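Chemist: Chain by chain, the residues:
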Amino acid sequence: SQTIHQWPATLVQPVGSPLSLECTVEGTSNPNLYWYRQAAGRGLQLLFYSVGIGQISSEVPQNLSASRPQDRQFILSSKKLLLSDSGFYLCAWSVMSGRRGEQFFGPGTRLTVL
Amino acid sequence: AQSVTQPDIHITVSEGASLELRCNYSYGATPYLFWYVQSPGQGLQLLLKYFSGDTLVQGIKGFEAEFKRSQSSFNLRKPSVHWSDAAEYFCAVGVLDSSYKLIFGSGTRLLVRP
Numbered sequence: 001s002q003t004i005h006q007w008p009a010t011l012v013q014p015v016g017s018p019l020s021l022e023c024t025v026e027g028t029s030n031p032n033l034y035w036y037r038q039a040a041g042r043g044l045q046l047l048f049y050s051v052g053i054g055q056i057s058s059e060v061p062q063n064l065s066a067s068r069p070q071d072r073q074f075i076l077s078s079k080k081l082l083l084s085d086s087g088f089y090l091c092a093w094s095v096m097s098g099r100r101g102e103q104f105f106g107p108g109t110r111l112t113v114l
Numbered sequence: 001a002q003s004v005t006q007p008d009i010h011i012t013v014s015e016g017a018s019l020e021l022r023c024n025y026s027y028g029a030t031p032y033l034f035w036y037v038q039s040p041g042q043g044l045q046l047l048l049k050y051f052s053g054d055t056l057v058q059g060i061k062g063f064e065a066e067f068k069r070s071q072s073s074f075n076l077r078k079p080s081v082h083w084s085d086a087a088e089y090f091c092a093v094g095v096l097d098s099s100y101k102l103i104f105g106s107g108t109r110l111l112v113r114p
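So the protein sequences, as listed, match chains A and B. Those letters in the first sequence? Residues 1 to 114, by the working numbering. Those letters in the second sequence? Residues 1 to 114, by the working numbering.
Hints listed in this document are in silico derivations from the structure and should not be mistaken for laboratory results. Keep in mind it's a predicted model, so treat the numbers as computed, not measured. Where hints are given, some of them may not hold.
[Unchecked claim] Cβ-Cβ distance ranges computed for the label pairs, FRET-style:
| hint | chain 1 | residue 1 | chain 2 | residue 2 | range |
| --- | --- | --- | --- | --- | --- |
| 1 | B | Glu-66 | A | Gly-52 | 32 to 38 Å |
| 2 | A | Gly-16 | B | Gln-58 | 45 to 51 Å |
| 3 | B | His-10 | A | Leu-114 | 46 to 52 Å |
| 4 | B | Gly-62 | A | Ser-1 | 22 to 28 Å |
| 5 | B | Gly-28 | A | Gly-16 | 40 to 46 Å |
| 6 | B | Ser-99 | A | Gln-2 | 16 to 22 Å |
| 7 | A | Pro-14 | B | Glu-20 | 42 to 48 Å |
| 8 | B | Gln-71 | A | Gln-70 | 27 to 33 Å |
| 9 | B | Pro-114 | A | Gln-2 | 22 to 28 Å |
| 10 | A | Ala-40 | B | Gln-58 | 28 to 34 Å |
| 11 | A | Arg-42 | B | Gly-62 | 24 to 30 Å |
Glycine included, every Cβ here is placed at the ideal spot set by N, Cα and C.
Could you put the whole structure together from the sequences, leaning on the hints where they help?
Modeler: Here you go:
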């Protein structure tokens, strides 16, 4: 069966520090991968998605970036965090064929920028 | 533009009462529709999905949803709410442009009175 992992689970970082959040998927090949952010009391905002290694599409201009160095690995990064980067970051995967497009979510990373 | 509207930010119901959460979507093609549930500090879990066929779909935990094309709606229902149903609920529509992605509503927080 497929599983999705995110780490760390929680993170407290000072303003201006770098960020690296990791997401890995097991049990599937060539998934579509997604990064979402959920600010406190808000819905989900799609940040990035990837349809393959090295292929990244950005939905919202910001100081975050994403990379996909391996088929089942998706990394969210920042060189300098802002206070507004605080939130709950969710990674998700989907496969268009077979499962017909639902996304499966990881447990999330709670990021607090102080 | 594609969008999903959940008009109720909060809903409070008594345990054992029936529940209906509203969702309206805007999408030019035949929609793929989803309901997800999120417990505090957790990732999202898929409750049910609609792709085609029978407009009344059954999901996990006793939930169902009805697709009404004429009203562009996909409301979630449960005949008898349990205290453990208290959570945040998200409606989403699957869209395909340069790639496949989900557009989420802003969520409805369900509170259950004992």
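Chemist: Starting from the range 22 to 28 Å, see whether the pair Gly-62/B and Ser-1/A falls in it by beta-carbon distance.
Modeler: Given range 22 to 28 Å: holds, Cβ gap about 24 Å.
Chemist: Can the suggested window of 24 to 30 Å be confirmed for the beta-carbon pair Arg-42/A and Gly-62/B?
Modeler: Holds, since Arg-42/A and Gly-62/B (Cβ atoms, about 28 Å apart) stay within the stated range.
Chemist: Holds or violated: the 46 to 52 Å window for the beta-carbon distance between His-10/B and Leu-114/A?
Modeler: violated (29 Å)
Chemist: Note whether the CB distance of Gly-28/B and Gly-16/A lies within 40 to 46 Å or breaks it.
Modeler: Since the Cβ atoms of Gly-28/B and Gly-16/A sit about 43 Å apart, the hinted range of 40 to 46 Å holds.
Chemist: That 27 to 33 Å hint for Gln-71/B and Gln-70/A (C-beta), does it hold up?
Modeler: Roughly 44 Å apart at Cβ, these two residues miss the hinted range, so it is violated.
Chemist: Within 42 to 48 Å: is that where the Cβ-Cβ distance between Pro-14/A and Glu-20/B falls?
Modeler: holds (45 Å)
Chemist: Between Ala-40/A and Gln-58/B, does the beta-carbon spacing fit 28 to 34 Å?
Modeler: holds (33 Å)
Chemist: For Ser-99/B and Gln-2/A, compare the CB-CB distance with the range 16 to 22 Å and indicate the outcome.
Modeler: holds (20 Å)
Chemist: Does the Cβ pair Gly-16/A, Gln-58/B satisfy 45 to 51 Å?
Modeler: holds (50 Å)
Chemist: Regarding Glu-66/B and Gly-52/A, is the given constraint of 32 to 38 Å on their beta-carbon distance met?
Modeler: The hint (32 to 38 Å, Cβ to Cβ) holds, given that Glu-66/B and Gly-52/A are roughly 37 Å apart.
Chemist: For the range 22 to 28 Å, tell me whether the beta carbons of Pro-114/B and Gln-2/A fit it or not.
Modeler: violated (37 Å)
Of the numbered hints listed earlier, those contradicted by the structure are 3, 8, 9.
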